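Engineer: Protein chains in written order, with my numbering: chain L, 1 to 275; chain U, 1 to 286; chain S, 1 to 253.
Be a bit skeptical, because a hint or two may be false.
As the list claims (entries may be wrong) - A few chain S residues that don't get close to chain L, going by computed Cβ distances all over 12 Å:
1. S10
2. K11
3. T12
4. E59
5. H60
6. S62
7. G63
8. D64
9. S104
10. A163
11. G168
12. G207
13. D213
14. I216
15. R239
Unchecked claim - To give an idea of the interface, some chain S residues facing chain U are shown, with a C-beta separation under 8 Å as derived from the structure:
16. F13
17. V147
18. P221
19. Q224
Claimed, not checked - Each pair of labels, with its calculated beta carbon distance range:
20. U/G98 <-> L/P182: 34 to 44 Å
21. U/G98 <-> L/A236: 49 to 59 Å
22. L/Q266 <-> U/Q177: 23 to 33 Å
23. L/E65 <-> U/W56: 45 to 55 Å
24. L/P182 <-> U/L42: 49 to 59 Å
25. S/Q103 <-> L/T33: 41 to 51 Å
26. L/P182 <-> U/T28: 27 to 37 Å
27. U/P189 <-> S/K181: 48 to 58 Å
No lab work stands behind these hints, which were simulated from the structure alone.
In this text the structure is predicted, and so the values were computed from the model without any measurement.
C-beta atoms are modelled at their ideal positions from N, C-alpha and C, and glycine is treated no differently.
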Amino acid sequence: MTTMQRSAVTKRRSTTEIEQSTPEWQKRLTSETAARVTALLAFVVIWVVMSWLFSRVPGPVEVGERLVDEFSRGEVFGNFGMTLYRFFIGVGLATVVGIAVGVVMGLSQLSRAFLESPVLVGLSIPAIIWSFLTVMWFGFGDMSPIITTFLTAVPFVVINVAQGVRGVSRDLRDMSETYNVPFGRRVRHLVLPAVTGYVAAGVRFAIIMGWNGVLLAEWFGGGGGVGYRARFWYDANRYGGFAAWVVLFVGFIVILDRFVLDRAIQRSFRWRDSR
Amino acid sequence: MTDQMVVGAAPAAPTGPADDREADARRTARFRRWRRNALLALGWVAIYLVWEFGSWWFGSRLLPRPHEVFASAVEIVESGNFVTDFSASVLKTFAGFGVAAAVGAPIGYLMGRYNYWRAFFHDGVTIAGTIPAIVYAVMSLIVFGLSNFGPILAVALVSAPYVALNVAEGIRGVDRQLITMSEAFGRTPAQIRRQVLIPTIVPFVFAAIRMCFAVAWKVEALTEVFGGRNGVGFQIRTEYQLYDISAVLAWTVLFIAFMLVIERLVLAKAEARLLSWRPEERGAAL
Amino acid sequence: MAVLTVQNLSKTFNLGTARESRVLDDISFEVKGQTFVSIVGPSGCGKSTLLNIISGVEEHTSGDISLTSDAGGPARMGYVFQDPRLLPWRSVMQNMMYVQDDQSPATVSRAKEYLDMVGLAKNADFFPGQLSGGMQQRVGIARAFAVEPDLLLMDEPFSHLDAITARGLREQLQDIWAQSKKTVVFVTHDVVEAVELSDRIIVLQPGGLIYEDITIDLPRPRRQTDKNVATLQAEVLARLEKLKAMSVAEPVA
């Protein structure tokens, strides 16, 4: 029995025991819904504290008032519509051109070598340079924001699509070869499913870049739109008005992202998550 | 090595044709390489031609011709002005980056590790990631006014969501089996963090940094255009107000070239060294 | 004296809406010190779950598990998995030391000893990615022995290897075990392998009940080519004939 004195016995708790020993309030406080609510509260608190610390930062109340103001003056819908029109034409063009160029670039080694440098240059030119140039070239109309949006967005679609096309698995291509799968079916079941996800991801990136482009061009262009209106308030040193437009605009982006893009991307990547 | 392969492939064949075939293969390889380089060069030529065409179309006052821009770039370099402005811009970019990593990485870690924190941060981080850079630039100016903190804050605000999302993804993609292994051998959470989690997320952090860097320096320049006291963006704005477009483009070209060099050389080297355990990186590290 | 005592152990998985799947059903057994015990059963009978529960990686739903350690303090455990589970960013030696509590020179030389026993002393500074699958698994075995565990758990460590490599490793394992006399719980679906290696075989049936508890009394070292081993293997297989029908009739998720 001497060994018994030296030896230690470890016992482990079963899940039923642990479950029973956790109090109800603790479970509720650590739930995910509680986390989201807390996050929202934390955001508001930080905003309020920031507006106290920096006199130039408008608080939530002021921004709310400005927002109502802007609506009652009837400035919201016209400017918003104008921005959306420019944005969608620009991004739409970028998507179409980007997919075409991306597919060519993904399919052949030679076109990749040729297009590599132009795409790289396109990626690295800042949106602000495009907006400076297009404002000079096309004046204060719709043209400058549309072209800026297009030029900033298109390289992102191109590289994503090219990557997707290249990523179509060699093994699967060989498999289709051995089974003599007809070309049409191969494109439909092999290439398209593999590429749509990348297209969606590329378009999403293009949209983020495109917003930036359209706003910048409007900011410097002065032909109306969200960017123009935001600048109007900024130049007047009325930062509440600027913030009100940011809230409007970001709200719109979030809704678009959540309800349209996210769904589309999830649909096209469905097969990947079901593993 | 090549000898062995030839012998293995055709043991009965006499050596003469094998040598021929080898020379053939080498010739095709050389031809392929040559053709690739030629196409790369052709790409640059195409850029040049498009630019020349644009200057002709819009007139060289609205789009200066390449050699004019080159001339003013040389002028800028010779005047030595660029050193102070470049270093100011680069320092601000890296400072913003440091802030983004210091804030974003822990947030990403929490998001990847615990469901509670994931729910807490998820919406905010994804929204922050979709807000256009111009909003951040102007917001930073409103907070800090005309000072060096504006660009730093803007870079940090733009980069932090990327860093957080990438780190979170890395943590969630961690090999669960390595964690069970560690737990089975009774490793402490601190040991698991150091030996399993952190090495796993290093590649993700690098991916985030490289992805961000391309965006970050543009935002930095953008913020300086709006309200900087020095730096490349400040110079671009000044020249733009003087309607010296070739100087605007010259500053831009210099900045792009400089940032690409940093991206390619500095970041890629550091990455290869830190990831030397991966078979595909081992060659690059040497 | 018993190193491991399992009493009335049950494990159920929640499959959502009031559906449950019972993986282990009221199991009790003891494992004595310095014995090699195999747990055998068709796939889905809960063998791996049982092992994970013993190691503490998974939680059990009800019942008791206790481990006794000779040295005092919590029981030390070693674990060899189906796959090597080495940290790819650490060298072989760093992997050996990662699971050690104390990093003294004595431990380092012990780790080296075990690495030598599996024939990999020369590869101490390699990254796992530079070794073959069989070599990596040998590192995994050396790592588990080198912690000098009170209880060594092995979860089908040879099932992912080709037949020839697996056979070599089984022989190596017997030799190391003969030298160190650790208490081993070895999970496998391969009855033949179990007979070759163990002193005792616990057979589980689908639904997580103990079907049979067989004692193997053969002299060591045993080799697969040994006639006695082969006879006994055939005998045990015959006794488990009925299990086959059960596992076909009752597919387990």
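Engineer: Verify this label for me: S/H60 is non-interface relative to chain L, using a Cβ-Cβ cutoff of 12 Å.
Structural biologist: violated (5 Å)
Engineer: Return holds or violated for the Cβ distance of L/P182 and U/L42 against the range 49 to 59 Å.
Structural biologist: violated (36 Å)
Engineer: S/G207: least C-beta distance to chain L exceeds 12 Å?
Structural biologist: holds (19 Å)
Engineer: S/D213 clear of chain L by more than 12 Å, beta carbon to beta carbon?
Structural biologist: Holds, because the least Cβ-Cβ distance between S/D213 and chain L comes to about 23 Å, which exceeds 12 Å.
Engineer: Have a go at the S/V147 hint: is there a Cβ in chain U nearer than 8 Å to its own Cβ?
Structural biologist: This hint holds: S/V147 lies near chain U, its Cβ roughly 7 Å from the closest one there, short of 8 Å.
Engineer: Take the C-beta atom of U/G98 and the C-beta atom of L/P182, compute their distance, and say whether it sits inside 34 to 44 Å.
Structural biologist: violated (56 Å)
Engineer: Please settle this one: S/S10 was flagged as non-interface, so is its CB more than 12 Å from every CB on chain L?
Structural biologist: violated (9 Å)
Engineer: Going by Cβ atoms, does S/I216 stay more than 12 Å from chain L at every point?
Structural biologist: S/I216 is indeed farther than 12 Å from all Cβ atoms of chain L, at 27 Å.
Engineer: Would the non-interface assignment of S/A163 survive a Cβ cutoff of 12 Å against chain L?
Structural biologist: Nearest chain L Cβ is 27 Å from S/A163, so the label holds.
Engineer: At the C-beta level, are L/P182 and U/T28 separated by a distance inside 27 to 37 Å?
Structural biologist: Between L/P182 and U/T28, where Cβ atoms are some 32 Å apart, the hint holds.
Engineer: Does S/D64 really sit off the interface, with its C-beta more than 12 Å from all C-beta atoms of chain L?
Structural biologist: At about 6 Å from chain L, S/D64 fails to clear the 12 Å cut-off, so the statement is violated.
Engineer: So S/S62 supposedly isn't at the interface. Is its beta-carbon more than 12 Å from every beta-carbon in chain L?
Structural biologist: Nearest chain L Cβ is 5 Å from S/S62, so the label is violated.
In the structure shown, a violation is registered for the earlier hints numbered 1, 2, 3, 4, 5, 6, 7, 8, 16, 18, 19, 20, 21, 24 and 27, in ascending order.
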